[in-house]
Amino acid sequence: MSKTKKPSIRDYLYEPPGPRTRTWIRVGTALALGLIAALVYAVIHQFAVTGQLKAKYWSFFSRWTTWRFIGQGLLTTVEVALTAAAITFAAGFLLMRGRLSRHAILWRLSAGLISFTRGVPTLLFIYFFFLVVPRTGVKLSAFWKIALPVAISACGVVAEAFRGGVNAVPRGQREAALSLGMTERRAFYRILFPQAFRYIIPTLIAELVIVLKDTTFAYIVSCADLMQNARVLISNYDALVSTYLVVAVIYILINYGLNRLSENLAGRESRRKTA
Amino acid sequence: MSEHPVIELRHVEKHFGELHVLKDINLSVARGEVVVVIGPSGSGKSTLCRTINRLETIDSGEIRIDGERIPREGKNLARLRSQIGMVFQSFNLFPHRTVLDNVTIAPVDVLRIPKKQAREEALRLLERVGVGDQARKVPAQLSGGQQQRAAIARALAMHPKAMLFDEPTSALDPEMIGEVLNVMTELAREGMTMLVVTHEMNFARRVASRVIFMENGSILEEGSPESFFTHPQTQRAQAFLQSIQDH
Numbered sequence: 008m009s010k011t012k013k014p015s016i017r018d019y020l021y022e023p024p025g026p027r028t029r030t031w032i033r034v035g036t037a038l039a040l041g042l043i044a045a046l047v048y049a050v051i052h053q054f055a056v057t058g059q060l061k062a063k064y065w066s067f068f069s070r071w072t073t074w075r076f077i078g079q080g081l082l083t084t085v086e087v088a089l090t091a092a093a094i095t096f097a098a099g100f101l102l103m104r105g106r107l108s109r110h111a112i113l114w115r116l117s118a119g120l121i122s123f124t125r126g127v128p129t130l131l132f133i134y135f136f137f138l139v140v141p142r143t144g145v146k147l148s149a150f151w152k153i154a155l156p157v158a159i160s161a162c163g164v165v166a167e168a169f170r171g172g173v174n175a176v177p178r179g180q181r182e183a184a185l186s187l188g189m190t191e192r193r194a195f196y197r198i199l200f201p202q203a204f205r206y207i208i209p210t211l212i213a214e215l216v217i218v219l220k221d222t223t224f225a226y227i228v229s230c231a232d233l234m235q236n237a238r239v240l241i242s243n244y245d246a247l248v249s250t251y252l253v254v255a256v257i258y259i260l261i262n263y264g265l266n267r268l269s270e271n272l273a274g275r276e277s278r279r280k281t282a
Numbered sequence: 315m316s317e318h319p320v321i322e323l324r325h326v327e328k329h330f331g332e333l334h335v336l337k338d339i340n341l342s343v344a345r346g347e348v349v350v351v352i353g354p355s356g357s358g359k360s361t362l363c364r365t366i367n368r369l370e371t372i373d374s375g376e377i378r379i380d381g382e383r384i385p386r387e388g389k390n391l392a393r394l395r396s397q398i399g400m401v402f403q404s405f406n407l408f409p410h411r412t413v414l415d416n417v418t419i420a421p422v423d424v425l426r427i428p429k430k431q432a433r434e435e436a437l438r439l440l441e442r443v444g445v446g447d448q449a450r451k452v453p454a455q456l457s458g459g460q461q462q463r464a465a466i467a468r469a470l471a472m473h474p475k476a477m478l479f480d481e482p483t484s485a486l487d488p489e490m491i492g493e494v495l496n497v498m499t500e501l502a503r504e505g506m507t508m509l510v511v512t513h514e515m516n517f518a519r520r521v522a523s524r525v526i527f528m529e530n531g532s533i534l535e536e537g538s539p540e541s542f543f544t545h546p547q548t549q550r551a552q553a554f555l556q557s558i559q560d561h
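Protein sequence lines, in the order shown, are assigned to chains S and Z.
FYI, this note's numbering numbers position 184 of the first sequence as 191, with every residue one higher than the one before it.
FYI, this note's numbering numbers position 26 of the second sequence as 340, with every residue one higher than the one before it.
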């Protein structure tokens, strides 16, 4: 491996830019930066004009109780997201096993469930758990009213990601495992799935980001997540813009962290393979 | 020891849709025999090889391993497969495991051999095929010839009753073909029962106890390598031998 920057996919797909292209890239970069700076200035200027930068909209962020409240919401968000992710990965795995099964009923059922969960918007599942499920007499806490629908809404996509990964493993791998006397099941768990899992780590983390973003619907079921607590702050301090800005930055930081994690894992795998 | 042939095919038929790929194949391989199957591409020789451990299903007929009919599925199929080693054209080593793990995984998982014992034997086998010093690497770090030799060691670790070779040198660079053929020749000398699908005519001439010529899904001719290569009976075999001598 080179000691300098690790090569990205771009380095393999395109030849390095020549001198003229580099000039154009510099000009373009400068123009784009200028435009972005102008845009940021315009936004801040507009906020100043409309009074959004006034101290009363920002001063409550200097109180530690505000941050404790935001922290509590964030903790709930993370709990809901991790719970939903665990459920959706497990359900997605089962659906994938069903979809790849040789039993016609099982795979038809799984294929149907996968299409259904992929086709229905998350919000509808949430309303189902919020409005329909209670009428059947089943009492769920706000936590589960958001975690379950978010999990269900993602599991079809996860199942297809798993399946794509398994299908991407060369056919000869299964044949080699079978020729050594492994049963189909053992070949799957020992040989196929471990290889497939490496292909799909980035997709799974991308799905985790989607799950995390879907948890922002928690306010509908009055689950006190980050978004819900932000709404409480907004109505208490009448500070919509400032609060949403802060909350957006928190979400961006978390998801940026997840994406970095995914890149690191993917990079480590590709280095292992070619090392 | 039984008097059954190690591998026996009776009236085996197979279609791929419209295509009749195996036509009434009858073949038996006795213990210690080395049968080399040759023929033009598309003649069904690879398919024949793959039906023996049921990586390809058959439409009718029967296949017996050491007298036992190979079942359609289940634990018994897996058990019979474990008694037949297979070497593939594209090696098919498990890329996520070290070379050593590749050799030990099936003995430990399938035969329940203690890990330590499996490792010792694996190292012996890797040594024997000349890649003992590569044991801790992953397959991608090995050359094609080394990978194929490791794949042979992996199959041998199951103590198979017979070995199937499905064009084992066709994916190799020319300079690596020899090292793989040497390992195979050595195996044959030690009395391993083998069925080899190959285009390596010199190997067939030197090592085969019997040569089988296939075309269009049928066995057209079979005999000792001397008689087949010097006096092919059918016109098709003559034409085939002519065509490979020409280039």
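None of these hints come from the bench; they were simulated from the model.
Idealized CB from N, CA, C, for every residue including glycine.
Just so you know, not all the hints are guaranteed correct.
[To be verified] Calculated from the model, a selection of chain Z residues having no Cβ within reach of chain S, i.e. all distances over 12 Å:
| no. | residue |
| --- | --- |
| 1 | Asp373 |
| 2 | Arg438 |
| 3 | Gln549 |
| 4 | Gln552 |
[Claimed, not checked] Stretch-level coverage of chain Z by chain S, calculated; a stretch enters the list once three of its residues show a Cβ under 8 Å from a Cβ in chain S:
| no. | segment |
| --- | --- |
| 5 | 386-397 |
| 6 | 419-429 |
| 7 | 466-473 |
Problem set entry | Outside-interface status for Gln549 of chain Z - nearest CB in chain S farther than 12 Å | About 36 Å separates Gln549 of chain Z from the closest Cβ of chain S, which puts it past 12 Å; holds.
Exercise. The segment 466-473 of chain Z covered by chain S? Criterion: 3 or more residues, Cβ-Cβ distance below 8 Å.
Worked result: Contact hint for the segment 466-473 of chain Z vs chain S: holds, 3 residues under 8 Å.
Exercise. Counting residues of the segment 419-429 of chain Z that have a beta-carbon nearer than 8 Å to any beta-carbon of chain S, does the count reach 3?
Worked result: holds (count 5)
Exercise. Holds or violated: is the Cβ of Asp373 of chain Z farther than 12 Å from all Cβ atoms of chain S?
Worked result: 19 Å, holds
Exercise. Hey, does Gln552 of chain Z actually stay past 12 Å from chain S on C-beta?
Worked result: 35 Å, holds
Exercise. Is the nearest CB of chain S more than 12 Å from the CB of Arg438 of chain Z?
Worked result: Since the minimum Cβ distance to chain S is about 18 Å, Arg438 of chain Z lies beyond 12 Å and the statement holds.
Problem set entry | Whether chain S covers the segment 386-397 of chain Z (at least 3 residues having a Cβ closer than 8 Å to its Cβ atoms) | With 6 residues closer than 8 Å to chain S, the segment 386-397 of chain Z meets the three-residue bar; holds.
Of the hints listed earlier, there is not a single one the structure fails to meet.
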